[in-house]
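Asks: Sequence:
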Amino acid sequence: MKGNGALVVYLMAQAVIASTGPDVVCPSQPLLASVSENVILQCHLVPPVDMRDMTVEWSHGHFNYTVLLYQDGKDNFKEENKTFTNRTSVSYQGLNKGDLSLRLFSVQLSDSGTYRCSIHIEKLQSSCYVNLSVAENKNNRSEHQQNTDWENNRKTEIIIYCVVGIVIILILIAVACRTEKGPECEFRSFLIYKLRSYTMCKIHSHHMFSLLSYLSICQVSTK
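FYI, the numbering for the sequence shown is -18 to -1, 1 to 205, going by mature numbering (1 follows the signal peptide of the UniProt record, and there is no 0).
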């Protein structure tokens, strides 16, 4: 009698599953990944059901772009979104145990978002959701920071060189004016005034270009 009772319970459970379908279960915690990593988006059925001859679909985002579509025992690549071409797969051995997990290769920043894992069994459809968050690779961030620091240091060096050059020119002209008198000295005094005006400004590359052009014209005029 006990054996018959267990059999009845089992048959009743199977009847309930057949009418409502298995539950599709996904992890509640978001999955974190770095750019270029390979990840697995977990999804499985409770109780396990052989899905090798059924339809499994993974989609992404608000527009439900098809990431992977498995039906009739094979992948339907025509329905896949181009951004996921050759970057997805499911475990065909796991399908017979109700494992629908999606393997996503070489993830990109644009892969972040919500993924939907769906099954289609005859007229029944069920799904669950997985959140994926992709961040920049630490090595890439470090390299980018180093390049930025180098550029900032280079700009600082250029500004220092420009200021030092102008100071040297001012000193030379001042010394020359002390030893000479006449129109040339008056011109140099005027030039010192102009150079001081330049040093009052924040030195940029276009300021330096204007200064050099001005000095060239003055040199020709004195000749």
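Misleading hints may appear alongside valid ones.
[Said to hold, decoys possible] Below 30 Å or equal to it, Euclidean Cα-Cα: the simulated DSSO-like pairs (lysine-lysine) are:
id, residue 1, residue 2
1, Lys56, Lys79
2, Lys105, Lys79
3, Lys79, Lys137
4, Lys64, Lys105
5, Lys137, Lys105
6, Lys79, Lys60
Simulated from the structure, these hints should not be mistaken for lab results.
Asks: Of the numbered hints stated earlier in the document, which are not met by this structure?
Replies: Hint check: 3, 5 fail, others pass.
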